[in-house]
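Peer 1: Note that the protein sequences, when read in sequence, are chains G and X.
Under the working numbering, the first residue of the first sequence is numbered 1, with each subsequent residue one higher.
Under the working numbering, the first residue of the second sequence is numbered 1, with each subsequent residue one higher.
FYI, nobody ran anything at the bench for these hints, they're computed from the structure.
Hints are not guaranteed to be accurate.
[To be verified] Label pairs and their in silico Cβ distance ranges:
| no. | chain 1 | residue 1 | chain 2 | residue 2 | range |
| --- | --- | --- | --- | --- | --- |
| 1 | X | T228 | G | L420 | 54 to 60 Å |
| 2 | G | D417 | X | G185 | 31 to 37 Å |
| 3 | G | S247 | X | M1 | 37 to 43 Å |
| 4 | X | D230 | G | T421 | 35 to 41 Å |
[Stated by the list, open to error] Keeping only pairs whose Cα atoms sit at most 20 Å apart, straight-line, the calculated SDA-like set for lysine to any residue is:
| no. | chain 1 | residue 1 | chain 2 | residue 2 |
| --- | --- | --- | --- | --- |
| 5 | G | K73 | G | N49 |
| 6 | G | K229 | X | E173 |
| 7 | G | K229 | G | D240 |
| 8 | X | K107 | G | M246 |
| 9 | X | K138 | X | Y172 |
| 10 | G | K63 | G | A82 |
| 11 | X | K134 | X | D99 |
| 12 | X | K153 | X | L166 |
| 13 | G | K229 | X | Y172 |
| 14 | G | K229 | X | T45 |
| 15 | X | K90 | G | N228 |
| 16 | G | K229 | X | T93 |
| 17 | X | K153 | X | E173 |
| 18 | X | K134 | G | D331 |
| 19 | G | K229 | X | K134 |
| 20 | X | K153 | X | T45 |
| 21 | X | K13 | G | S415 |
| 22 | X | K90 | G | F5 |
| 23 | G | K248 | X | E173 |
| 24 | G | K333 | X | E85 |
| 25 | G | K229 | X | I236 |
| 26 | X | K90 | G | E227 |
[Unchecked claim] Partial selection, computed: residues in chain G whose CB lies under 10 Å from chain X:
| no. | residue |
| --- | --- |
| 27 | D170 |
| 28 | Q216 |
| 29 | T220 |
| 30 | E225 |
| 31 | T230 |
| 32 | T233 |
| 33 | L235 |
| 34 | S236 |
| 35 | S237 |
| 36 | P238 |
| 37 | L239 |
| 38 | D240 |
| 39 | T408 |
| 40 | G416 |
Built from N, CA and C at the ideal position, the CB exists for glycine as well.
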Amino acid sequence: MNIFFILLKKEMKELVTRQLLFTIAVTLLVFHVIGKSVGSHNKSSAARNTIVLLDLDRSELSKRVIAAVTAGKTTLKPAGEATIAAALAAPENAGENSFMVIPAGLEAEVTAGRASSIEYYSRFRKQASGLGPAIAASRIRRTEQAATAEISAYLLGRGLPSLAPAFLRDPAPAKEFAVIDGRTAQVSLSQVIGFIQSQSFFFPVAVFFIVILSAQMIMTAVASEKENKTLETLLSSPLDRRLLVMSKLAASCLIATALSGAYMLGMRSFMAGVTGLGADPSVAVAAAGPALAALGLTMTSSGYFLIGLSVLFCILCALSIAFILGILSEDVKSIQTMMTPLMMPLMLAYLLPIFIDMSTAHAGLKFLLYAIPFTHAFMAPQNVMMGNISQVWWGIAYQAAVFAAFVTLAARLFSGDALLTLRLKWPGMK
Amino acid sequence: MAIALEIKDLVKKYKDFEAVAGLSFSVGEGEIFALVGPNGVGKSTTLKMTATILTPTAGSISVFGRDTTRDAHAVREMISYLPEEAGAYKNLTGREYLDFMAMVFLKDRARAAAAVAEGERLSGLGARLGEKIKTYSKGMARKLLLARAVMIKPRLAILDEPTSGLDIVNAYEIRKTIKQLAAGGMTFLISSHNMAEIEFLSGRIAVINKGKLLACDTPAALKAKFATADLEEVFIKLTQ
Chain G
1 MNIFFILLKK EMKELVTRQL LFTIAVTLLV FHVIGKSVGS HNKSSAARNT IVLLDLDRSE
61 LSKRVIAAVT AGKTTLKPAG EATIAAALAA PENAGENSFM VIPAGLEAEV TAGRASSIEY
121 YSRFRKQASG LGPAIAASRI RRTEQAATAE ISAYLLGRGL PSLAPAFLRD PAPAKEFAVI
181 DGRTAQVSLS QVIGFIQSQS FFFPVAVFFI VILSAQMIMT AVASEKENKT LETLLSSPLD
241 RRLLVMSKLA ASCLIATALS GAYMLGMRSF MAGVTGLGAD PSVAVAAAGP ALAALGLTMT
301 SSGYFLIGLS VLFCILCALS IAFILGILSE DVKSIQTMMT PLMMPLMLAY LLPIFIDMST
361 AHAGLKFLLY AIPFTHAFMA PQNVMMGNIS QVWWGIAYQA AVFAAFVTLA ARLFSGDALL
421 TLRLKWPGMK
Chain X
1 MAIALEIKDL VKKYKDFEAV AGLSFSVGEG EIFALVGPNG VGKSTTLKMT ATILTPTAGS
61 ISVFGRDTTR DAHAVREMIS YLPEEAGAYK NLTGREYLDF MAMVFLKDRA RAAAAVAEGE
121 RLSGLGARLG EKIKTYSKGM ARKLLLARAV MIKPRLAILD EPTSGLDIVN AYEIRKTIKQ
181 LAAGGMTFLI SSHNMAEIEF LSGRIAVINK GKLLACDTPA ALKAKFATAD LEEVFIKLTQ
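Please work from the sequences and hints to get the whole structure.
Peer 2: Below is the structure:
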């Protein structure tokens, strides 16, 4: 046999272990769970393809507009109220996020060659996440296009060629409004969604990076001390063993914070380049006009503090879990595989909220996600922006409890024989 | 001679496997006492239990009258442990390593500085102490680790295979250092496979097999008992 293939065979035997196969199987399982959850969630989201309609014109034109919109598979639900404020507040519309207002006199105005406008209101829920708002926005955009086309067709059908071509192309320009926590502002939907997503996309990536980095550091630190037997020397010293645990956690936390700071600066520049909104979110708000600020989509210093606290406890939770995994590691080589029990919940907590709207998700799925301490940090910026402050505090309290539990377990393992004798056995390991 | 170490009916079990099965012996202050036996018979486990990093399943170990389980912290103040094939922090220089370890064990700047000066002398590494440990040969690293173990002047030094893997010169220097320190009153509990080393160093030896004590006496007495001039022969007769 060719010497290359002999070497290749040896390398493959070294690399393809039962632990590696187990890790691959778990990764596949995680992606399968995410795919299934997102799929069933999207199906139920698509089923809610409803826009609440206030037809204040009740003319032939408004009927034609309604017919054109419903032809596009969008269900229009009559509001039954006289004003948009009443429609938004009505209990029967509590679950609705999209509203359309055809103003009184639409037909008369456009027929006379004067521009009118149809208003579209999008309600952003406090706990909304995932692709839900973007899907709702695309539904509004489709509706706007259908309404504009129908009004143009109506005017052309009435034989009003004397009107200016620009007016005929868009005789009733859409006015978009965003509603967040009872506050309403006229603002482009894409600007609101762009801003929210820039925060909820960029931030979790950074947190994910920090957690992986710090977890790997502490696992390597513990496993290499075990492998080199420097740990045995420290354990036989008169040092308080809790100090050994805390010093390792603190060192990893400090290095992870420094590295993540550098990473976040890089990501900010990257996002500024990609979105064109500018690196500073406050600049983005300024660019979008005072509307985003009026909706409360700004971050105060206390908001930043809360997010920072949530991220800190997220890192501490990851470090305490990684510390235990490091204790269970045979050696430094096995760390990659030993990361699996940490990677599974981390990937779920990172990926699922990107695709799933937590406000409408299945209770079981919500329970699973909120039981993972990392989810609270991933969701913190959005919750702070949406004014869900109590949820952020509850999340931090839960993270602190998880951290305390795992640190206590780590300290117990560090104080007993387990540190030198306990090993995590993978399927098929001797 | 005061009792430095007393081990009584010591048992250590790992699930169904009994690594140490009722071991008893005592070591006098200033004595060099050696545990000898084939691989995997419980020598290192006994040393680890004496160093307080493993807990006995049954029996007791007391160091200068302090129990290693109930009074582990007090025991740790009196001992120093050198594991077999131990490593050091590779990115530290030899001097930084000695500094760090002196502070960990002594927690007092002045005492630590004196210990480091002693460690530098004992290691014999001279200017190389300013270089990172990752540049050291195995012999240099072992000399540094032995210096670390004894520079704090522990009342009981526990050394697992102190000269394992070293060349003749380095092994000889380490043995000489141990002898000198014992003459100064330091007690040593060591384990080794090297019978010549054991005979050179030890006042008494304990031969153990399958976690049990087979014999415990001076090398001369054991050789006389088994009518041989060779300690290796004694060992083979006892363990086979």
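Peer 1: Each hint should be assessed against the structure and marked as holding or not.
Peer 2: Taking the hints in turn, this is what the structure says about them:
no. : hint                        : verdict
1   : X:T228 x G:L420: 54 to 60 Å : violated (38 Å)
2   : G:D417 x X:G185: 31 to 37 Å : holds (32 Å)
3   : G:S247 x X:M1: 37 to 43 Å   : holds (40 Å)
4   : X:D230 x G:T421: 35 to 41 Å : holds (37 Å)
5   : G:K73 x G:N49               : holds (8 Å)
6   : G:K229 x X:E173             : violated (23 Å)
7   : G:K229 x G:D240             : holds (18 Å)
8   : X:K107 x G:M246             : holds (18 Å)
9   : X:K138 x X:Y172             : holds (15 Å)
10  : G:K63 x G:A82               : holds (17 Å)
11  : X:K134 x X:D99              : holds (17 Å)
12  : X:K153 x X:L166             : violated (24 Å)
13  : G:K229 x X:Y172             : violated (24 Å)
14  : G:K229 x X:T45              : holds (14 Å)
15  : X:K90 x G:N228              : holds (10 Å)
16  : G:K229 x X:T93              : holds (18 Å)
17  : X:K153 x X:E173             : holds (18 Å)
18  : X:K134 x G:D331             : holds (19 Å)
19  : G:K229 x X:K134             : holds (15 Å)
20  : X:K153 x X:T45              : violated (24 Å)
21  : X:K13 x G:S415              : holds (18 Å)
22  : X:K90 x G:F5                : violated (36 Å)
23  : G:K248 x X:E173             : violated (36 Å)
24  : G:K333 x X:E85              : holds (19 Å)
25  : G:K229 x X:I236             : violated (31 Å)
26  : X:K90 x G:E227              : holds (13 Å)
27  : D170                        : violated (68 Å)
28  : Q216                        : violated (17 Å)
29  : T220                        : violated (13 Å)
30  : E225                        : holds (9 Å)
31  : T230                        : holds (6 Å)
32  : T233                        : holds (6 Å)
33  : L235                        : holds (4 Å)
34  : S236                        : holds (4 Å)
35  : S237                        : holds (5 Å)
36  : P238                        : holds (4 Å)
37  : L239                        : holds (6 Å)
38  : D240                        : holds (8 Å)
39  : T408                        : violated (19 Å)
40  : G416                        : holds (7 Å)
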